[in-house]
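Q: Here is what each chain is made of, one letter per residue.
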Amino acid sequence: MTSTIFLSSFTGALLGTLLLTIGRHQWRQSQARRWLGRAIAIALYLGSLLLLQLQLDSLQAFFTWLGMLSLGAMPAIFLSPRLIATKTD
Amino acid sequence: MQRDTLKKFYIVHSWVGVITGILLFIICFSGALSVFGSPDLKLWSNPSLHTKTSIDPAAIDQLVERYAVDVPEALKHEVMVLLPGAEAFGDLYIWFESEHGPEEQAIALHFDPSTLELIERLEGNPEVIFAQSRAVLTMEQFITQFHANLHMGKLGLILTGLLGLTLMASIVTGLIIHRKILKEMFTFRPWRSLRLMLTDTHKVLSVWGILFHGMIGFTGAFLGLATIILLPAAALVSFQGDQEKLLETFQPEHMPRLSGEPANMSIDKVLRHSLSLGGVTRSIIILGWGDKNALAFTNTVNVDGTGEMASETHNYQLSSGKHLARATAFEMVGGVSGPVLDLIAPLHFGAFGGLTVRIIWGLLGLSTALIAATGIMIWVERRAYGAEGKLSPENYLRLNKFTIGSCSGLVLACASLFWSQRLAPEFIMALFFCVWAMSIPLAFSMKNNYQSNRLLLGLSGAMLMCVPFIDALTLEHHLFNSLDGSHNHLAAIDATLLCIGLALLGIAKRLPRARREEQHKKGRGTKALKPSNEEVADDFLEDQPPAADIVA
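Protein chains in written order, with the numbering used here: chain D, 1 to 89; chain P, 90 to 641.
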């Protein structure tokens, strides 16, 4: 249960950042798609925080979430050139 | 902001980074390991903790009573029981201490946590006993102490504290000079050039982890400078320089008013209640031993993120075992400062939400170390192959070799700690510094920086990969006989080391053997053009990402 929560929270942070990155670089023409991407990313981030609150006390969940955001975002950014390049090729 | 002001901040950022970069890498990398110090590395280092040991309150009660009989009354001013366990003090220790002062004396008893047999008895000045008991450090104690003070005592503490401040200065100047921060957050261009890859990595790691890096800088500066500068300063302002009085005022532990009536000491009841509160009970301090009004103070820490974030002290009447009160370490400071001070240590060490938080903190700590290393590499790239710098490229490349020798050498030295813990535990410190010192000439002896890095990382990977096999040869419990489930934690650590070793070997194999030739020539060509002053100063602005660069 615990590992599932933490892994889901990490995945939320990673996918949220990946969506923001793709939106920023790929969906320049479509504002609607860009904003939808942003809304989903924010929902994923919030979901990630809420999941952590199931397991941890609020303050600790918040600090863990801040760490999780950074940790999820870094691989998302480093992976993005591969994913975006594959899409456009 | 004016361009000239920006350039000044850029110069401050790059020079602060290059001067403190290697030291920052050392502190951050050792910090990332220290996060796992307790309980993971402590458990791995101590064979007595490999199988689960439980605390028996009645047995500990009897043990303290039995040994207290032979201790002189003067040494029962303060009785401390340091409890066993990977999240506490490893083995069981009982200390009998006289009143604080220049004539302070103590008796320290060290017990096996499972059999409760006396292993060692030390007597004398507490500081001398403490130094004697730490004469042979375990690898976990070595690395956490190395992170805290580089094994340089007070000077080391000041140095690490100051490094926390320089980290914060680098963050502030970095924020000022990077004007397109939103764009930089989402930009990574790995295939353009080495320099762009380095700058993008540096920026992505810095910007996404900015809150963590800032928090680590602030809390690290506080922890480093607190006991050396802040505590004496606070005592000077409010207590005429009397630090003992300041600590007595704000610490939850206080001496009771003694009644003179003897009474039985119910350590058993106190310990039972404390263990029932959740979290881990680490120690009991008893003041007024043998008296009806004697007080016991238990120290508990939250390890799974469900209780209080800060460690707590529970106060008991020892004769009855009645729970009187609870307080956090800095609660008595009051105001906003108390809760903030309470958060500093758990936040710095990630000691509040179990293994997951330790993994997050460890990886983010590694990212802080990588920021320092990539910062130096960018500085060298811009000078050896770019428009900046007045020296020949060879001089800058020498600095790069030294950086690789120190930084990748530290990784190798840390990997060697796992070997020395098992094969030569008395020489942990000597072997660590030998391996580290030898890495630097090794880095210089290779043909180029790329090969030095490959070699040192490959060696680190090979060393870590072998750790489970060394365990299998030297220990009763190890990864390969863990199916019975009696030592899962040790087996998990061994398996993790094996995986990290394999990953490092894979990374070393994939790293290039030399710099790409066309970049090299282009770089030297640029250098030969003798850039104008404007070009040199504007160089940092060139690395700012243009729109939609990532797809190119």
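One thing to keep in mind: the hints can contain errors.
Simulated pairs of lysine to any residue, SDA-like, Cα-Cα distance not exceeding 20 Å [to be verified]: (1) K141/P with L430/P; (2) K269/P with R28/D; (3) K243/P with R223/P; (4) K272/P with F78/D; (5) K272/P with R82/D; (6) K381/P with H412/P; (7) K272/P with I42/D; (8) K272/P with Q53/D; (9) K269/P with S8/D; (10) K243/P with T308/P; (11) K490/P with L283/P; (12) K269/P with L15/D; (13) K272/P with S8/D; (14) K272/P with L15/D; (15) K272/P with Q31/D; (16) K97/P with F307/P; (17) K272/P with I5/D; (18) K272/P with L50/D; (19) K272/P with F62/D; (20) K334/P with R223/P; (21) K411/P with P345/P; (22) K536/P with A584/P; (23) K165/P with K490/P; (24) K272/P with D57/D; (25) K272/P with L83/D; (26) K96/P with L335/P; (27) K272/P with L54/D; (28) K272/P with T2/D; (29) K272/P with G23/D; (30) K97/P with L112/P; (31) K269/P with G23/D; (32) K269/P with T255/P; (33) K269/P with I299/P; (34) K272/P with R28/D; (35) K272/P with S58/D; (36) K536/P with L486/P.
Derived by calculation from the structure, the hints in this document are not laboratory data.
Q: Please go over all the hints and tell whether each is borne out by the structure.
A: So, going through the hints one by one against the coordinates:
1. A threshold of 20 Å between alpha carbons decides the hint, and for K141/P with L430/P the separation of about 33 Å lies outside it, so the pair is violated.
2. Taking the CA atoms of K269/P and R28/D, the gap is near 18 Å; set against the 20 Å cutoff, the hint holds.
3. Of the supplied pair hints, the one linking K243/P and R223/P holds, its CA atoms being roughly 17 Å apart against a limit of 20 Å.
4. With a CA separation close to 14 Å, the supplied pair K272/P and F78/D stays within the 20 Å bound.
5. Under the criterion of a C-alpha separation no larger than 20 Å, the hint pairing K272/P with R82/D is consistent with the structure, at around 18 Å.
6. For the hint pairing K381/P with H412/P, the CA-to-CA distance comes to about 15 Å; that is within 20 Å, so the pair holds.
7. Of the pairs offered as hints, the one joining K272/P and I42/D holds, with about 18 Å between alpha carbons and a cut-off of 20 Å not exceeded.
8. Distance check on the hinted pair: K272/P and Q53/D sit about 31 Å apart at the alpha-carbon level, beyond 20 Å; violated.
9. The hinted pair formed by K269/P and S8/D fails the criterion: a straight-line CA distance of about 31 Å is larger than 20 Å.
10. Of the supplied pair hints, the one linking K243/P and T308/P holds, its CA atoms being roughly 17 Å apart against a limit of 20 Å.
11. A hinted pair counts as satisfied when its Cα atoms are at most 20 Å apart, and K490/P with L283/P qualifies at roughly 17 Å.
12. Between K269/P and L15/D, the direct Cα distance comes to roughly 23 Å. Violation of the 20 Å bound is thereby established for this hinted pair.
13. Distance hint between K272/P and S8/D is unfulfilled; the C-alpha atoms sit about 27 Å from each other, more than 20 Å.
14. Between K272/P and L15/D the CA atoms are separated by roughly 18 Å; this keeps the pair inside 20 Å, and the hint holds.
15. A distance of roughly 17 Å separates the Cα atoms of K272/P and Q31/D; the hinted pair therefore holds under the 20 Å criterion.
16. A threshold of 20 Å between alpha carbons decides the hint, and for K97/P with F307/P the separation of about 24 Å lies outside it, so the pair is violated.
17. The straight-line distance between the Cα atoms of K272/P and I5/D is roughly 31 Å, outside the 20 Å bound, and the hint therefore fails.
18. Taking the CA atoms of K272/P and L50/D, the gap is near 28 Å; set against the 20 Å cutoff, the hint is violated.
19. Between K272/P and F62/D, the direct Cα distance comes to roughly 26 Å. Violation of the 20 Å bound is thereby established for this hinted pair.
20. A C-alpha spacing of about 28 Å is found between K334/P and R223/P, which places the hinted pair above 20 Å, so the restraint is violated.
21. Taking the CA atoms of K411/P and P345/P, the gap is about 15 Å. The hint holds against a cut of 20 Å.
22. A hinted pair counts as satisfied when its Cα atoms are at most 20 Å apart, and K536/P with A584/P does not qualify at roughly 34 Å.
23. Our distance criterion of 20 Å between C-alpha atoms is broken by K165/P and K490/P, whose separation comes to about 57 Å.
24. Between the alpha carbons of K272/P and D57/D the distance comes to roughly 34 Å, so the proposed pair goes past 20 Å and is violated.
25. Between the alpha carbons of K272/P and L83/D the distance comes to roughly 18 Å, so the proposed pair stays at or under 20 Å and holds.
26. Between the alpha carbons of K96/P and L335/P the distance comes to roughly 46 Å, so the proposed pair goes past 20 Å and is violated.
27. Restraint check for K272/P and L54/D: not satisfied, since their Cα atoms lie roughly 34 Å apart, outside the 20 Å limit.
28. The suggested pairing of K272/P with T2/D is violated, with an alpha-carbon distance near 35 Å, which exceeds 20 Å.
29. Taking the CA atoms of K272/P and G23/D, the gap is near 12 Å; set against the 20 Å cutoff, the hint holds.
30. For the hint pairing K97/P with L112/P, the CA-to-CA distance comes to about 23 Å; that exceeds 20 Å, so the pair is violated.
31. Distance hint between K269/P and G23/D is fulfilled; the C-alpha atoms sit about 17 Å from each other, no more than 20 Å.
32. Annotation: proposed proximity of K269/P to T255/P is violated, straight-line Cα distance about 23 Å (limit 20 Å).
33. Of the supplied pair hints, the one linking K269/P and I299/P holds, its CA atoms being roughly 15 Å apart against a limit of 20 Å.
34. Using a Cα cut-off of 20 Å, the hinted pair K272/P and R28/D holds, with the two alpha carbons roughly 13 Å apart.
35. For a cut-off of 20 Å, the pair hint linking K272/P to S58/D is broken: about 32 Å separates their Cα positions.
36. At most 20 Å may separate the alpha-carbon atoms for a hinted pair to count; K536/P and L486/P meet this at roughly 12 Å.
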